[in-house]
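Participant: So the chains spell out like this:
Number of protein chains: 2
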Amino acid sequence: MEQQVKDDLTRGTGSKKQSIIDCDVHPSPRNTDEIRAYLAQPWRDRYHGSTRGFFGNPVHGARLDATPPNGGPTGSDPEFLREQLIDKYGHAYAILLPRAFCNLHPDPDFGTAIAAAYNDWLADTWLGAYNRDGVFKGSITVNHQDPQAAAREIERWAGHPHFVQVMTDSGARAPFGQRHYYPIYEACARHGLPFAIHPGTDGMGINIQPSPGYPTHYIEWHTCLSLGFQAHLVSFLTEGVFERFPNFKIVLTEGGVAWLPGLMWRLNAEYKALRYEVPWMKRRPSDYLRDHVRITSQPLERPDDDRELLQMLQMMDAEHILMFASDYPHWDFDSPTHTFPKLPEAMHRRIFFENARELYNL
Amino acid sequence: MEQQVKDDLTRGTGSKKQSIIDCDVHPSPRNTDEIRAYLAQPWRDRYHGSTRGFFGNPVHGARLDATPPNGGPTGSDPEFLREQLIDKYGHAYAILLPRAFCNLHPDPDFGTAIAAAYNDWLADTWLGAYNRDGVFKGSITVNHQDPQAAAREIERWAGHPHFVQVMTDSGARAPFGQRHYYPIYEACARHGLPFAIHPGTDGMGINIQPSPGYPTHYIEWHTCLSLGFQAHLVSFLTEGVFERFPNFKIVLTEGGVAWLPGLMWRLNAEYKALRYEVPWMKRRPSDYLRDHVRITSQPLERPDDDRELLQMLQMMDAEHILMFASDYPHWDFDSPTHTFPKLPEAMHRRIFFENARELYNL
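Protein chains in written order, with UniProt numbering: chain U, 1 to 362; chain V, 1 to 362.
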């Protein structure tokens, strides 16, 4: 207990060992039954886990060394995750994003039930029994395919001390700025919860590819995930979502980083010529970013020349927009100590800690 | 005649007045009947021009001052185009890309007939009667929806002195690296004709959106056109098209510029981890660009700070990859004299002239 208090006191105060907030960590149930236990019938019988069909990594989807020593899927043992991630790098907080893939199904009620089951499970385990020191902060999974039900799910958890954001998959049937989604954003804004998008169901189940037709290989699909994020961001901006919900913020998780400057230059130019079409946009597109948009760093693009990455980070105002993420335990894990070249001190501090602390009120 | 000879001799020799090859200029028929005249029945009766439905510019799609003094659509009067573009800026060559939008239709035979009619029309007019000084170089329009028929259309024109490339729209039902397209690329490679992609039918007719669902506004659609180009490029690279057809080159026209560095950094990293999946890729993705890929400059992204654009151009090896284009007579025309900040001399020369001269053997 004394150690817990000490942990709480030092957490996030800037000591070397407590200077990281990791914005993309994936906890996993130990098995499908852990989720099934939270599902009522008929969903309990119909649920067979979060399989997604094709576009799986053909080599391995997780770090081979992340399999818990006592067995089970990677990311399913909180003690081993603490050892391999939290304690090793000195994480102050890990923002947890479970992978429910609930929006795959044609039936929105099924998707909504899966989302709720994942939230119950996360609250009872990683945010409950396993969270003795408060290091774990969670995401409320919603099924964006039924926005009214998603808003109710947000209401069910708002005020929980360890749920700090709402999340969904970037796979969708329509860009996220469109009006039918607004009940979700209204609920997020009401409770000060950022809305995070994470890859997962792009082109799978009922969701459309973020490319002109189906890609062939995982490398192609995985590379082009970043295109869906760009389309969603353009949609949020041009539909005026941030004017309609002034308190609403989004987090683009695992969608790439280096595309932001070029996309904003392009959209700013379009805005200059075409703002007549979108009169609700009161500011230049890029002017909304600092107030409303955060991007997580993994998988960070690394050119051969570090100077080019530093230039790109300057162009995108990374000091205010970017938040570190490792994507533990997945195959393309970004180590806190090796992913970035040496950054200016202030930029490093904001990317690894302050931007997330401010966003999530930690 | 003497003046013509003089023009031919000085064209492209580097004098101030002849130092531009403009890689995206749009000639237009004066009216639908000009194309209809080249169509056999039943297509002649069924053809009603190249309307595309929604996603038209809500303000105006062309420069208002580009309407010919004697009437007719913008880009339909070669003398006025010479005055407003060729003579004004001293173009050595204008690469012409007519806008047939032939791949909109469910019926591939209809699309193929429209493509052929546009080629006949272009050969008889802009590349024929109107081309007294050889300034106009043309694109063979193909309907990529029927690759075998497209290959036959390429055969029909290969060897023509003024057709210098094959072109199609970026709107598609599958990414362009996929195998069913290969008869087109084989024909291109056989005749040393680059394959150019130009926006036009994205998300229209039978073609898929390069975004997760339909965008709402023109500004959104037009901004996201660049995403389709990125997906097509990733597809060309990961499917190994450039290994299969070592002589094959592509031109990404009007699809944006500043996305290239970030996309290549991302794909290079994916390749490092996943090349097992695509063993036909013998080189790093970015290593294919100089030999196989050219990008045209319009609409060039312009950040507030010119230095950021210059950094981006360095990152993308613009000196070898980028070719100037104006997109005359469209609304977002890029002036040769105002679009770029001051460039290093060698880079300027290559972007405005040498890269295109080498690609098109001019």
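Check before you lean on any hint, since a few could be wrong.
No distinction is drawn between identical chains; accordingly, a pair holds when it is met within one copy or between any pair of copies.
Mimicking DSSO-like on lysine-lysine, the simulated pairs with C-alpha atoms at most 30 Å apart in a straight line are [said to hold, decoys possible]:
no., residue 1, residue 2
1, LYS282, LYS88
2, LYS282, LYS249
3, LYS272, LYS88
4, LYS342, LYS272
5, LYS342, LYS249
6, LYS282, LYS272
7, LYS342, LYS88
What the hints contain is simulated information worked out from the structure, not anything from laboratory work. Note that the structure is a prediction, hence the values are computed from the model and not measured.
Participant: Against which earlier hints does the structure fall short, listed by number upward?
Facilitator: Hint 1 is the one this structure does not satisfy, whereas the remaining hints hold.
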